[in-house]
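Chemist: Once you've looked at the hints, dock chain B against the given chain A.
From first to last, the protein sequence lines stand for chains A and B. Each residue of the first sequence is one higher than the one before, counting from 1 in the numbering used here. Each residue of the second sequence is one higher than the one before, counting from 413 in the numbering used here.
For the record, the hints were derived by calculation from the structure and aren't laboratory data. Glycine included, C-beta positions come from ideal geometry on N, C-alpha and C. Warning: the hint list may mix true and false statements.
Unchecked claim - Cβ pair distances, simulated, as ranges:
{"hint": "1", "chain 1": "A", "residue 1": "E60", "chain 2": "B", "residue 2": "D446", "range": "37 to 45 Å"}
{"hint": "2", "chain 1": "B", "residue 1": "T496", "chain 2": "A", "residue 2": "D25", "range": "54 to 62 Å"}
{"hint": "3", "chain 1": "A", "residue 1": "H173", "chain 2": "B", "residue 2": "E557", "range": "53 to 61 Å"}
To be verified - Away from chain A, derived, C-beta distances all over 12 Å, residues of chain B:
{"hint": "4", "residue": "H437"}
{"hint": "5", "residue": "E441"}
{"hint": "6", "residue": "G442"}
{"hint": "7", "residue": "D451"}
{"hint": "8", "residue": "C476"}
{"hint": "9", "residue": "E478"}
{"hint": "10", "residue": "T504"}
{"hint": "11", "residue": "A507"}
{"hint": "12", "residue": "C509"}
{"hint": "13", "residue": "G540"}
{"hint": "14", "residue": "K547"}
Unchecked claim - Covered, in the sense of this in silico footprint (three residues per stretch, anywhere, with C-beta under 8 Å from a C-beta of chain B), are these stretches of chain A:
{"hint": "15", "region": "3-10"}
{"hint": "16", "region": "66-75"}
{"hint": "17", "region": "162-176"}
{"hint": "18", "region": "365-371"}
{"hint": "19", "region": "386-398"}
Each chain, letter by letter, is given below.
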Amino acid sequence: MRHVIIGSSAAGISAAREIRRLREDAEIIMISRDGHVHSRCMLHKYISHERDVKGLDFTEDNFFETQRVEYIQNEVISVQEKEKCVVLRTGEEIPYDRLLIASGAQSFIPPVGDLRTAPNVCGMRDLSDAQTIDRMAESADNILVIGAGLVGMDAAYGLLQRGKRVTVLEMSHRILPVQLDAHSAEVYQREFESRGAIFYLGRRLEKTICGVGGQICRVVLDTGENIDCDMIIVAAGVRPAIDFLDNSGVEAGRGVLVDAGLQTNVKDIYAAGDVIGHSAIWPNAVKQGIVAARNMCGMSEKYTDTFNEKNMMNFFGIVTLYLGQICTRRDEVVMTEEDRNVYRRISIRDGKVTGILLQGDISNAGVWQYLIKNQIDISNIKENVFQISYADFFSVKADGEYRWNYQRQAAE
Amino acid sequence: MRRIMIDYEKCDGCKNCSIACMQAHREDEGTIYDLNLTDPRNESRNQILRVKDGTYRPLFCRHCKEPECVMTCMSGALRKDPETGLVTYDETRCAACFMCVMHCPYGTIKPSHSLQKVIKCDFCAEDGYEPNCVKSCPKKAIHVEEVEA
Numbered sequence: 001m002r003h004v005i006i007g008s009s010a011a012g013i014s015a016a017r018e019i020r021r022l023r024e025d026a027e028i029i030m031i032s033r034d035g036h037v038h039s040r041c042m043l044h045k046y047i048s049h050e051r052d053v054k055g056l057d058f059t060e061d062n063f064f065e066t067q068r069v070e071y072i073q074n075e076v077i078s079v080q081e082k083e084k085c086v087v088l089r090t091g092e093e094i095p096y097d098r099l100l101i102a103s104g105a106q107s108f109i110p111p112v113g114d115l116r117t118a119p120n121v122c123g124m125r126d127l128s129d130a131q132t133i134d135r136m137a138e139s140a141d142n143i144l145v146i147g148a149g150l151v152g153m154d155a156a157y158g159l160l161q162r163g164k165r166v167t168v169l170e171m172s173h174r175i176l177p178v179q180l181d182a183h184s185a186e187v188y189q190r191e192f193e194s195r196g197a198i199f200y201l202g203r204r205l206e207k208t209i210c211g212v213g214g215q216i217c218r219v220v221l222d223t224g225e226n227i228d229c230d231m232i233i234v235a236a237g238v239r240p241a242i243d244f245l246d247n248s249g250v251e252a253g254r255g256v257l258v259d260a261g262l263q264t265n266v267k268d269i270y271a272a273g274d275v276i277g278h279s280a281i282w283p284n285a286v287k288q289g290i291v292a293a294r295n296m297c298g299m300s301e302k303y304t305d306t307f308n309e310k311n312m313m314n315f316f317g318i319v320t321l322y323l324g325q326i327c328t329r330r331d332e333v334v335m336t337e338e339d340r341n342v343y344r345r346i347s348i349r350d351g352k353v354t355g356i357l358l359q360g361d362i363s364n365a366g367v368w369q370y371l372i373k374n375q376i377d378i379s380n381i382k383e384n385v386f387q388i389s390y391a392d393f394f395s396v397k398a399d400g401e402y403r404w405n406y407q408r409q410a411a412e
Numbered sequence: 413m414r415r416i417m418i419d420y421e422k423c424d425g426c427k428n429c430s431i432a433c434m435q436a437h438r439e440d441e442g443t444i445y446d447l448n449l450t451d452p453r454n455e456s457r458n459q460i461l462r463v464k465d466g467t468y469r470p471l472f473c474r475h476c477k478e479p480e481c482v483m484t485c486m487s488g489a490l491r492k493d494p495e496t497g498l499v500t501y502d503e504t505r506c507a508a509c510f511m512c513v514m515h516c517p518y519g520t521i522k523p524s525h526s527l528q529k530v531i532k533c534d535f536c537a538e539d540g541y542e543p544n545c546v547k548s549c550p551k552k553a554i555h556v557e558e559v560e561a
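Isolated chain A (complex conformation) (with noise of 0.2 Å):
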């Protein structure tokens, strides 16, 4: 049986490892744009010179030897439903019995102004674009980059490790907006200001003008400002890389769509990863990956973990995780604690947690996921609430491995 993966992401690779694991006579082709495989988690590590190509891989050596995939370094043009087939770029067409489609996501530049057309204007998404951005902060200095969330900030950190003048762009009135709460984002935008990063709030950008070579050297805000800028990054958000799907008989909305198990409307392709646009979280799209996989080897397994509430940032030293939400509503206790090790706030309703963040220490976070996203009451457990651990929910299986035990929890 010939199975057919479409990218080499999270999604694409645990796909392919794991249907390797279960069928060992299977073939497994691999088609991707990329020229080398790449964790883009790890992409403002490039561009800051912390890692070469060969450090953003996150396979083990020899992958694609030792797993037995074919790695076909082109694009895929369409897929062919009827004929059971892709079309890569190049004409040629490659037969499939099952189709995994993980092509992730490409950057949104919106259409404002000339960002759409400028030469120095470019996204943060995969390696090619921080070759881009490498190359290009070679002989730029001001940079400006539109957006503070989790990439912006990304591209941020890599340039003022490059001794870059930064000035960052957010429409909304503080960075990680969707990240963070106010309390913790102002930690960061101190720290990335003490190091020189310019931040623009709550404005939004209205007008670019450009200048020798159709390059955009200054951008006006709808405050009236303007921006000086040699080069910009746009982190305005991802959409679902589905264009190659146009009169594939693939339904698609603003993500691929699929069932509970991760198979299109058309039988034998499924999708996994960015490109379903239910989130963009590695581990989601690994999870995907592996539960799509199972499927395309005629298992019947079910996409369950589906939580996405959940962010993870260290700039500068400085950690911090933000599980579920801290909302602050009535019916809502929010509990905070504070040394100098850690800044603690927690909101609980109904004796089960809604949300969490820790800044500092973050060890046991783990344990938080676990209880918010399965909504355990964690009431009467203990005095102090940031002092429940695993142990509250200890419990041993045949085989050693450990199971949550909080029924009993609750029934007490």
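Modeler: Leaving out everything else, chain B in the frame of chain A:
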């Protein structure tokens, strides 16, 4: 695979296992008598915690069958070794993103004090895969056993 099995009822909370772990992974040379217990670089990979009724729960990395830490690792630093079944960690690959810390449901992996890497059980690979915690337990509350995984 070989796994450290836990009989928590036998644990009397002496923390010999934690000290043995710190000693086994210390960076400098020396005996347990000169191990600096207050140096934050000397960290134990295991934890003994006391629960409400006054009994103890040993928390040791399970080297899970489907390890959350491995599935969430975006650098390839954490892997499930198909031969030994152990979850191995290559700190030279680690990008200190701590996604693994956010996902281990048992809290058995944590950032190092330096925040440059993570602290996780390596089954005392350097000592021939004979965990020092097990050797040091006076109550036989932990022992190594071959299990299906």
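Chemist: Compare the structure with each hint and give your call.
Modeler: Verification of the supplied hints:
1. E60(A) - D446(B): 37 to 45 Å: Roughly 39 Å apart at Cβ, these two residues keep to the hinted range, so it holds.
2. T496(B) - D25(A): 54 to 62 Å: The hinted range 54 to 62 Å is violated for T496(B) and D25(A), with Cβ atoms some 25 Å apart.
3. H173(A) - E557(B): 53 to 61 Å: holds (57 Å)
4. H437: holds (16 Å)
5. E441: Since the minimum Cβ distance to chain A is about 27 Å, E441(B) lies beyond 12 Å and the statement holds.
6. G442: Holds, because the least Cβ-Cβ distance between G442(B) and chain A comes to about 26 Å, which exceeds 12 Å.
7. D451: The claim stands: D451(B) keeps its Cβ more than 12 Å from every Cβ of chain A (closest is about 16 Å).
8. C476: violated (6 Å)
9. E478: violated (9 Å)
10. T504: The claim is violated: T504(B) sits with its nearest Cβ about 9 Å from chain A, within 12 Å.
11. A507: violated (5 Å)
12. C509: violated (6 Å)
13. G540: Non-interface label on G540(B) holds, nearest chain A Cβ at 20 Å vs cutoff 12 Å.
14. K547: At about 18 Å from chain A, K547(B) clears the 12 Å cut-off, so the statement holds.
15. 3-10: violated (count 1)
16. 66-75: violated (count 0)
17. 162-176: Our answer is that it is violated, as 0 residues pass the Cβ test (under 8 Å) against chain B, missing three.
18. 365-371: Three-residue rule met by the region 365-371 of chain A, so holds; n is 5.
19. 386-398: holds (count 6)
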